[in-house]
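Line by line, the protein sequences are chains F and L. The first sequence begins at 1 in this note's numbering and counts up by one. The second sequence begins at 1 in this note's numbering and counts up by one.
Rather than coming from a laboratory, the hints here were simulated on the basis of the structure. C-beta atoms are modelled at their ideal positions from N, C-alpha and C, and glycine is treated no differently. Fair warning: there could be bad hints in the mix.
[Claimed, not checked] FRET-style restraints, in silico, Cβ to Cβ:
| hint | chain 1 | residue 1 | chain 2 | residue 2 | range |
| --- | --- | --- | --- | --- | --- |
| 1 | F | T234 | L | G52 | 40 to 50 angstroms |
| 2 | L | E22 | F | K222 | 50 to 60 angstroms |
| 3 | L | K55 | F | K284 | 43 to 53 angstroms |
| 4 | L | D45 | F | P238 | 51 to 61 angstroms |
| 5 | F | T123 | L | G80 | 21 to 31 angstroms |
| 6 | F | A240 | L | E71 | 17 to 27 angstroms |
| 7 | F | I142 | L | D45 | 23 to 33 angstroms |
| 8 | L | K42 | F | T65 | 27 to 37 angstroms |
| 9 | L | K42 | F | A273 | 53 to 63 angstroms |
| 10 | F | G236 | L | K55 | 16 to 26 angstroms |
[Said to hold, decoys possible] The calculated SDA-like cross-link candidates involving lysine to any residue, where the alpha carbons are at most 20 angstroms apart (straight line), are:
| hint | chain 1 | residue 1 | chain 2 | residue 2 |
| --- | --- | --- | --- | --- |
| 11 | L | K20 | F | D282 |
| 12 | L | K20 | F | K42 |
| 13 | F | K284 | L | Y58 |
| 14 | F | K222 | L | D56 |
| 15 | F | K222 | L | K20 |
| 16 | F | K42 | F | Q21 |
| 17 | L | K55 | F | R229 |
| 18 | L | K42 | F | V233 |
| 19 | F | K73 | F | K165 |
| 20 | F | K6 | F | K42 |
| 21 | F | K274 | F | K284 |
| 22 | F | K274 | L | R69 |
| 23 | L | K18 | F | K6 |
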Amino acid sequence: MENLIKRLKELEERHRAPNGQEYRGLSLKSVEVVAKEFNLSKKEVEFTALKNEIVPLRYQRNIGTIGMKGQIKLLKSTVAVIGAGGLGGGIIELLARQGIGHIIIADNDRFTESTLNRQLMSTEKDIGKYKAQIAADRVRSINSSLIVTSYTDTITKGNVKEVLKGADVVVDGLDLLPPRFMVAKAAKELDIPFVYGAIAGFVGQAMTIFPEDEGLSLIYGKKKEYPQRGDEVTAGNPSATPTMITSWQVQEVVKILTGIGRPLRNRLLYLDAKEGTAEIIDLKVGEKNG
Amino acid sequence: MARITVRFYTTLKEKVGKGKVELEAKNVADALEELREQFGTKFTDQLYEPSGKIKDYYILLLSGRSVDRKEIKKTTLKEGDILHIFPPIAGG
């Protein structure tokens, strides 16, 4: 360990942050060199550097917001993203840039021409390919220090817990209601926070659900039958609506993992870009009407 | 009777042509009846099944609490309550 720290100190570079303050940084190349020399993963090298107040340059702009400790927590974390389409693709992109140590991606679907308008991971050359695999490649190309696991199986009651196992947070990138309820229930049973998001047309909504929270039934009530889809069937899914919600979902993940800020628990965020309104609807817990 | 605000969202808002309306009613059932009178089929076609039942998946929140649709008559309104009526959104 001492040799490792010594080597990191040899390779550290002096940089200036935008506020003029000098900091000790570590380049991508140095991370790679040290990983090879010490037979460690790049993530372990970055982790050790951060612990010794040497900032891998790729995370420098995160540090002012979440601190070294926050970045270390993120690197040690596992986040599962269920669905890699409009919401999921944007979530995965941001989680990779934020430096979440292990990203689990599950989606059984493939890109088509009609996903090109809004699904960040889709490109013309990848039409017909599995979303989960393309998204995993994207994560590796953004941040090769991270571990990424992808599943192209359909998520069912039978396998959902296997997929979510080990995750510190589960993020909703689904486009149908019944699987959303299934995944939220499994997360609750596994004691994992769940970050809900949904979009239709110009509007989107998001909320964070901790295992002890009442969850989606606060919004949808306690019913047994849910429709597959909602308003988006007629309202469409334009290009900018997914990222309007994925940004909030990823901020929720960062807050949950670092303990910074106030997650959107029992509060439904409702954004209407058409009207230019943003609302928080406080959901009352454990109270009956009447 | 209590004076309340009803808020409509997404497609429902577009169909009725307004985002909110104020009205006076005793309970949720009365408030919905008042909306039926004001907006006719623009409102009822959205919220109800052809059988007259409220669509299962519509979200009704009274000042932040989910409304049990079997209890809409018993769900009394207080001055200043807000009744949010949301079509479900599920896209991803």
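Item to complete: Run the structure past the numbered hints and jot down the numbers of the failing ones, going up.
Response: 1, 2, 3, 4, 5, 6, 7, 8, 9, 12, 15, 16, 21, 22, 23
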